[in-house]
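Going down the list, the protein sequences come from chains L and R. To convert, take the position in the first sequence, counting from 1, and add 4; that gives our numbering. To convert, take the position in the second sequence, counting from 1, and add 289; that gives our numbering.
Treat the hints with caution; some may be incorrect.
A partial selection of chain L residues facing chain R, derived with a Cβ cut-off under 8 angstroms [what the hints assert, rightly or not]:
(1) ASP137
(2) TYR192
(3) PHE229
(4) GLY235
(5) THR459
(6) THR565
(7) ALA566
(8) LEU575
Derived pair list, reagent style DMTMM-like, types lysine to aspartate or glutamate, alpha-carbon separation capped at 25 angstroms [what the hints assert, rightly or not]:
(9) R/LYS787 x R/GLU705
(10) R/LYS598 x L/ASP137
(11) L/LYS183 x L/ASP448
(12) R/LYS876 x L/ASP559
(13) L/LYS586 x R/ASP604
(14) L/LYS558 x L/GLU580
(15) L/LYS69 x L/ASP103
(16) R/LYS615 x L/GLU550
(17) L/LYS183 x R/GLU582
(18) R/LYS796 x R/ASP776
(19) L/LYS558 x R/ASP604
(20) R/LYS616 x L/ASP562
(21) R/LYS883 x R/ASP869
(22) R/LYS525 x L/ASP137
(23) L/LYS558 x R/ASP585
(24) L/LYS597 x R/ASP549
(25) R/LYS609 x L/ASP562
(26) R/LYS669 x R/ASP604
(27) R/LYS720 x R/GLU710
(28) R/LYS565 x R/ASP585
(29) R/LYS818 x R/GLU836
(30) R/LYS405 x R/GLU391
(31) L/LYS183 x L/ASP397
(32) R/LYS561 x L/ASP559
(33) L/LYS598 x R/GLU546
(34) L/LYS240 x R/GLU496
(35) R/LYS615 x R/ASP916
(36) L/LYS553 x R/ASP966
(37) R/LYS599 x L/ASP130
No wet-lab data here; the hints were simulated from the structure. As the structure is a prediction and not an experimental result, all values here were calculated from the model. Just so it is clear, CB atoms sit at the ideal spot from N, CA and C, and this is done for glycine as well.
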Amino acid sequence: MPKHYRPAGKKKEGNAAKYITRTKAVNYLQVSLAIFRKLCILKGVFPRQPKKKVEGNHKTYYHMKDIAFIAHDPLIEKFRQIKVHRKKVKKAIAKKNRDLADRLLNRPPTYKLDKLVLERYPTFVDALRDLDDCLTMVHLFAALPAVDGERVEVKRIHNCRRLSHEWQAYISRTHSLRKTFISVKGIYYQAEVQGQKITWLTPHALQQVLTDDVDFNVMLSFLEFYETLLGFVNFKLYHSINVNYPPILDPRLEALAAELYALCRYMATGSGRVIGNSESGGAIKEKEDENNKASSKADESELRLAQLQHQLPANEPGALMHLVEESTAVDTDDDETKECKSLFKNLKFYLSREVPRESLLFIIPAFGGTVSWEGEGAPFNEVDEDITHQIVDRPTQSHVFLSREYVQPQWVFDCVNARIILPTEGYLVGRVPPPHLSPFVDNDAEGYVPEYAETIKRLQAAARNEILPLPGDEDLDNSLVAAMMDRTESNEAAEKKKKLEMLEKQYHDELKMEIDGVTFSNLSNKKADKSPDTMDKDDTKSYHEEDEKIQAEKDSADISTALMSRKKLGLYKAIEIGKERKRDKVELLKKRKKNAESSASAKRR
Amino acid sequence: MGHSDGEHELEDDGLSADDSSWSDGGWSEDDDEESLSFEGSGSGSDSDEAAAAEESDSSEDEVAPRNTVGDVPLEWYKDEEHIGYDIDGRKIKKRDREGRIEAYLKNADDAKNWRKIYDEYNDEEVQITKEEAKIISRLLKGKTPHANVDPYPDYVDWFEYEDKGHPLSSAPEPKRRFVPSKWEQKKVVKLVRAIRNGWIKLDKPKEESNLYLLWGDETDTADNKRQGLSYIPAPKPNLPGHEESYNPSVEYIPTQEEIDSYQLMYEEDRPKFIPKRFESLRSVPAYEKALREGFDRCLDLYLCPRTRKKRINIDPESLKPKLPSKKDLRPYPKTCYLEFKGHTSPVTSISVETTGQWLASGSRDGTIRVWEVETGRCLKVWNVGGDVRHIAWNPSPDRPILAAIVGHDLLLINAEVGCEEVQMRAKELLKICEMAPQDDTDGKKPAVRWMKHEKFDGITLLHHKAVSNVDWHFKGDYFTTVVPSGDTRAVLLHQLTKKHSHHPFRKLPGLPVAATFHPSQKMFFVATKKFVRVYDLQKAQLVKKLESGLREISSISIHPGGDNVIVGSKDGKLCWFDTDLSTRPYKTLKIHSKDITNVTFHRKYPLFASSSEDCTAYVCHGMVYSDLNQNPLIVPLEILRGHSSSDGRGVLDCKFHPKQPWLFTAGADSVIRLYCD
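Using the sequences provided together with the hints, build the complete structure.
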């Protein structure tokens, strides 16, 4: 009799009772596979790995509780209704009852996902923690072509665009953007909201092509949930900074540039806010004025514009209170936010036609800069004297204003990642910019630091030194000069220190090796003691001894592995293999670097 | 109304126009007919026919058939001269048949010849007119025969009457036509009620945003809000590294050769992403796999089973067991102090004299040598002429006798060391009077015969089969030999003083590898390939069976205390048995990569060693505590290298010095090494 035999009528126990295969689950729920899939996606139910796979190794198992969870959801009933409704419409059309069909089509059964969102994310922080995929997906769909007749409805693409802009506006407004990275796949952003690091990817601002190798039903099911989730998250975030949601948009800007409208409006307000903070007294007065206007309702459109400009509900009674709150909120900002806020402070940017506008309009205000662009509806135009940086991405720049610097867009991204204003020499028009490095990599843990990362590190250190002596010095000019001096000096000092450290390290290494030699390769030492002149006699001997030394070290490492249990030994070896692989990777990088350098120097000659 | 009038007028116009054309057509058709008939009559040769044609009214039968035979198969007249009868009953003669030349000439002369048809029935040729040809062609096309006939003329209602719409009935209108229908009313009432009650809604529902503050109150404890199973968040996608940049540093871009080499890799090993460098941001194209990757992520999210896995992030050094410092465990042999050179072939076995002054070694070159340990001087050489497989000193200090396995027999010789008196006694012991074969009762060849060895003044024990192992009892009187292929007589016990041998086991399961005496008690250990059996010699019964779990045991050594046994195996493993604890190994050390040739305990120090074919010898600390609750402490101390491999063999034997923490190793490179502290 097989071991797993269970008499008829006996209840199942253990894994057989706890887990159910997918086919059985679908049968149990009495739905089609497509609906089951959609339910799983919406409810966030995923297969699990039972300890013992009772039905076979190649099957997918769901936990019985998860399935019961789906079975008890009102959504399953809704899906059945939708199915019935579809049948009714089909029947009406078949009977040429156009009237009934239209009436039915007018009112399809709808469902809401708000309870699901709350169920899956009981707290707001939970939702933020899982927001990465949501944002990436929404941004991806926002980049799809909004064309009728494609597989994705135009309405939904517009909704995605709106949601993504709203999210970016919030991030930009609260200066919570932390890292950015231009990759081949698109642009990565990392923001920190309520202590959660949220990373998302936006495709490059080129239209994506809908391919056939994906199942849009699955993606749209996901998108359905993500749209709802992001809507609620945006609501909560806007609520937390006391802004009405959904925001009322400026129709003028909306008409001007469809993909721009929301963002540029928010950008404008973002920059306005910075100014407002610097001259808060004036701002309060303005607010009061606006309050009066609101009561009179004389110029409503202007009020709306103003409202949009400042994103503050000016017609609310507590607008003043609000401002106060805002100012206190500024004080409670953590250091990082402060740092981010003031990175591009007092800098004015102008974007040329060819740069990725949407991305830069998002980033620059997020770090406290003021920005305008070439085109209608821009806050200021190219001839503005105060512009400090113009961002261009073309081989040559014909007309040059001497008062500003012309840089490539990568400069902005690198500045943001380094958190300092980098020198613009490398990024000038027509040059190949220095390598763009990922801010997500921990170079030290990786074991390899690219050259440019070191340069940036040095510049950062220099910047820190520069800032430190400033408050102490009274004379500004002197201090500037001193700072410059400081910088060069500190660079030199750093290099010297490095050299010293290197030497010291080498010495320590040697010392250590010596000690090792004494303890582990007494044999060779003794031999050396016995005949000290043999060592000098021939090189082969020393090679041999070197080998012995290495052997001895290896032995001493090996000797304790003899007593390890088999499990631990396996783990130990796996770790060693991993380390070896990492080392190989670094070696490869170093080799390539060396090759590139040598070939470059050969070319120069 | 005016509009409809206009329509009528138009229609009327159309009608009249039609009429006229129709009538015209009719006239013209008539004309045609006339001409047709005329021509037809013209073509006919007989005047009778012409007359008949003129007589007939019907246009269909213009020409009456000349022949009156009726509808009979014409082949009935095949052989007759006539083809039928005319209307008067006269025979109609067949015409003469035309020759081919005639037909051809006719064809050439007459251009209209192609219109002529031979009428078989009447036996004449008929010429078709142009019009007839036209009609035929029209009929072939499936049209009406005459072009002017309109097959679908508009119906013209010539008469005016009251209810033109219902031409067939003049019954009065029924009442139901004038009162509302009951059933319709019922339906309407139903609809009205449904609309009133809101079951039917006609207007499109308004689209309202249903967003609200979902996470309102953060203060309540959210921990128990989530129901059901524990939520396992999906792992986040990997963050991009330097190589994914649109403008990575040069070192991240693989060379063309490397990219080509990716093709040779397995598909799953191949890197998914090949870094590429773009000179400027504007030249970066759209990423074509964006949707695909998004989709893959979706699939991962809803299709992949999720489990919590503990990621171990520990220092690998912490996995290593904590061992006491080696310095505390001194002394132990670690450096080579002396090399005994003299043998010319691999030294198979060594043995140290009890006092520690002498070392005996046997080699494959057929010599037994005795060395002075302190100086490394070779004291004596016996050329025994045959492989020396194993050698053992008598442990008793006053019996300087060597037992050596030469060829497949055992040789006992006087080592000729020590003082005169001792040597005399040894000589006495080795004296043997030739006697008849001892127990030849069962007809078999005796297991052992004691013979005098003339050359070296020793004794040869002639075994029935090859001997592999010899071991002395600690008192120096008894010794045992192992004959692996000896079946029931595989393990033999010998007594030196009485020159007597016997085989204690009637039956021995497994192939014996080694046998040895307990260092202090009357116990006997026999190692077979998988097990070690412990026998009580006095009671003559099995006491214990130690299960090694090894593939093939090669050597065994007993701790001087007697409770611990180490066993070396041919798969490089060393097992430590604590016989008080269990019959299974207390610890198994996988230390050698090749066969272990010998294991040995030190008699005084807590040390044991193993030698192996991989040219190494391991020295380990093996402390046995008198407290039974405390497990033995095993610490690997040193790997001794120095021997070189020859013929695939490494270190063939190792023995400790009986008093000093020194280890002798015998190598296949024919050198004996002494390792000291």
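Hint numbers contradicted by this structure = 3, 5, 15, 21, 23, 26, 32
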